[in-house]
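Peer 1: Chain by chain, the residues run as shown.
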Amino acid sequence: EPEVTQTPSHQVTQMGQEVILRCVPISNHLYFYWYRQILGQKVEFLVSFYNNEISEKSEIFDDQFSVERPDGSNFTLKIRSTKLEDSAMYFCASTLGQGARGYTFGSGTRLTVV
Amino acid sequence: AQKITQTQPGMFVQEKEAVTLDCTYDTSDQSYGLFWYKQPSSGEMIFLIYQGSYDEQNATEGRYSLNFQKARKSANLVISASQLGDSAMYFCAPWGTTDSWGKLQFGAGTQVVVTP
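Residue numbers (our numbering), protein chains in the order written: chain A, 1 to 114; chain B, 1001 to 1116.
Don't read these hints as lab results, they were simulated from the structure.
A portion of the hints provided could be inaccurate.
As the list claims (entries may be wrong) - Straight-line distance between alpha carbons at most 20 Å, and here's what the computed PhoX-like set of lysine-lysine pairs gives:
{"#": "1", "chain 1": "A", "residue 1": "Lys42", "chain 2": "B", "residue 2": "Lys1003"}
{"#": "2", "chain 1": "A", "residue 1": "Lys57", "chain 2": "A", "residue 2": "Lys78"}
{"#": "3", "chain 1": "B", "residue 1": "Lys1073", "chain 2": "A", "residue 2": "Lys57"}
{"#": "4", "chain 1": "A", "residue 1": "Lys42", "chain 2": "A", "residue 2": "Lys57"}
{"#": "5", "chain 1": "B", "residue 1": "Lys1070", "chain 2": "B", "residue 2": "Lys1003"}
{"#": "6", "chain 1": "B", "residue 1": "Lys1003", "chain 2": "B", "residue 2": "Lys1073"}
Claimed, not checked - Not close to chain A: a few residues of chain B, all C-beta gaps over 10 Å, as computed:
{"#": "7", "residue": "Gly1010"}
{"#": "8", "residue": "Met1011"}
{"#": "9", "residue": "Val1013"}
{"#": "10", "residue": "Glu1015"}
{"#": "11", "residue": "Glu1017"}
{"#": "12", "residue": "Asp1022"}
{"#": "13", "residue": "Thr1024"}
{"#": "14", "residue": "Gln1030"}
{"#": "15", "residue": "Tyr1037"}
{"#": "16", "residue": "Ser1074"}
{"#": "17", "residue": "Asn1076"}
{"#": "18", "residue": "Gly1085"}
{"#": "19", "residue": "Ser1087"}
{"#": "20", "residue": "Gly1102"}
As the list claims (entries may be wrong) - A short, non-exhaustive set of chain A residues, derived as facing chain B with CB atoms under 8 Å:
{"#": "21", "residue": "Val43"}
{"#": "22", "residue": "Phe65"}
{"#": "23", "residue": "Met89"}
Just so it is clear, CB atoms sit at the ideal spot from N, CA and C, and this is done for glycine as well.
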């Protein structure tokens, strides 16, 4: 069964450093998402991406965050200058269309900012 | 943001028993869907079940079934014959409402612990 692959599974970074989280969505999917889950809290939407541009972003997704799909297969989330409060699990997801079925999550990257 | 309520922060259930996890949501939309996801301690989000608001029959996927009551804006997950591996966090997420168009918005979750 096709999967959404996220790397690394765990990343530790120093406060103020830039970090890039990588995702390989399912190959024929067209819509891509990042979600965040701070430890012990609910999963929160960050951003959706379609046709090489952001289609929607939440208030969490400020200027420190950016996304891109540099090569047609990878989908990345960059945090420019990490803060302690960026420590969370970050999930990538993808879907073929805006239809609900086939909404697939990756296994997540646990980001720890020290 | 859409209001999604999972009133049970935690539940204990004995192995082989059934458990019902509550989820209510706020929407004025008529056409939308509802997901349930499982998150074990390893952290990944596992799709369990989905139902659209106009589906006539309640969805079932193996031991999981949805008790979807559109008028009450409620979509409870029923896990039958609980197993130890069902111990996890469970999240409901409306999809396709005005507030959740094109994305999932999750409830706070219910922690289920299955005991022998």
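Peer 1: Is the hinted pair A:Lys42 and B:Lys1003 satisfied, with a Cα-Cα distance of at most 20 Å?
Peer 2: Between A:Lys42 and B:Lys1003 the Cα gap is close to 13 Å, so the pair holds against 20 Å.
Peer 1: Decide, holds or violated, for the assertion that all CB atoms of chain A are farther than 10 Å from the CB of B:Asn1076.
Peer 2: 18 Å, holds
Peer 1: Using 8 Å as the Cβ threshold, decide whether A:Val43 counts as touching chain B.
Peer 2: Holds. Min distance 4 Å.
Peer 1: So is B:Ser1074 really clear of chain A, every C-beta pair being over 10 Å apart?
Peer 2: The assertion about B:Ser1074 holds, with a minimum of 18 Å to chain A.
Peer 1: Sort out whether B:Lys1073 lies within 20 Å of B:Lys1003, counting only the CA atoms.
Peer 2: 11 Å, holds
Peer 1: Does the closest beta carbon of chain B sit nearer than 8 Å to the beta carbon of A:Met89?
Peer 2: 6 Å, holds
Peer 1: Please confirm whether B:Val1013 is truly not at the interface, meaning its C-beta sits more than 10 Å away from all C-beta atoms of chain A.
Peer 2: Check passes; 21 Å lies beyond 10 Å.
Peer 1: For B:Gln1030, which was marked as not at the interface, is the minimum beta-carbon distance to chain A over 10 Å?
Peer 2: 15 Å, holds
Peer 1: Verify this label for me: B:Tyr1037 is non-interface relative to chain A, using a Cβ-Cβ cutoff of 10 Å.
Peer 2: About 8 Å separates B:Tyr1037 from the closest Cβ of chain A, which leaves it inside 10 Å; violated.
Peer 1: Could you grab the alpha-carbon distance between A:Lys57 and A:Lys78 and see if it respects the 20 Å cut-off?
Peer 2: 14 Å, holds
Peer 1: Has the given pair, B:Lys1070 with B:Lys1003, been kept, meaning a C-alpha gap of at most 20 Å?
Peer 2: 15 Å, holds
Peer 1: Beyond 10 Å from every chain A Cβ: check whether that's true for B:Gly1010.
Peer 2: 12 Å, holds
In the structure shown, a violation is registered for the earlier hints numbered 3, 15, 20, 22, in ascending order.
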